[in-house]
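The opening position of the sequence shown corresponds to residue 1 in our numbering, with each subsequent residue numbered one higher.
Do not rely on the hints blindly, as some may be mistaken.
[Said to hold, decoys possible] Below, a list of computed lysine to any residue pairs in the SDA-like style, where the Cα atoms sit at most 20 Å apart:
no.	residue 1	residue 2
1	LYS114	ALA98
2	LYS157	ASP30
3	LYS237	ARG215
4	LYS157	PRO141
5	LYS114	ASP130
6	LYS237	ASP130
7	LYS157	LYS237
Worth flagging that the hints you see were computed from the coordinates, not collected in a lab.
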Amino acid sequence: MDGRGDGVSLAPVVSPEAANRYAAWFHELDAWTEYWDIYHPESAGRFYFGNGGDEPGLLTRFLPREQRPPLFGAWTRMALETGSAQEFEAFARVDDVAAAVIEVDQLVARLFAKHFGDASDPAVREDYLDALLCFACDVLPAATERDQRIADDDPRKSTAGRHTLEGDIMWFAWSLQLEAAHAIAGYDADYARRALQLAGVAIGCPANFTSRGHRRTRSEYTAEESTLIRLRARGRKWSRDLQGAAAEIHALYRIREWGEDE
């Protein structure tokens, strides 16, 4: 998909094999979450917002839907600099919230290893950042099979055939989960993956907002080749610096909410 104006997509050029592999990663993530009823009915929506019955869902404990969980409110205050990291970490460590965050994180870790490998490998980091930019710019192969399985009157129908994010707040929800997992687990064996995934959010979010015009982002980001080069360089740096990636995502959230003040 082209960027705004006469620019180019902020997605790297990748091989068909890589594009299909990236699409498979996002397909499997979605298969356990939004499309659990089709691909994993045995989960009863556990890795999503539940099944509307006896399974409330893990995301209900920390992401907004019908309610605004305390952890989400604490994250927004931290990002907007009206709250603190200590407040966010305290809410993350509440027993049932921490259990939900870590269970989701363990699922993501297992799927990441399956589709990418070891996040401490520089080649894996490059591969994953490319995947996030392709995802952000909506250039991955169509999810044809999934689209065919979704009824026309299903509210998911409009996005079922694509591998991308439409709801802009979900970029920040993704960051929240990773930051919470780090607050709970610290510098464990999964630190490299969490740092890499946060770097992916830090570059994927502005690539998405710039290419698709969803929301405000840094004014220096334009739909030009120079921005792709800049994003990839920053992604490499942040992939080894979880705190730096998180700080950038907080800044992007402030721009989304208030505009750029620089």
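For this structure, which hints from the list above don't hold up?
1, 3, 7
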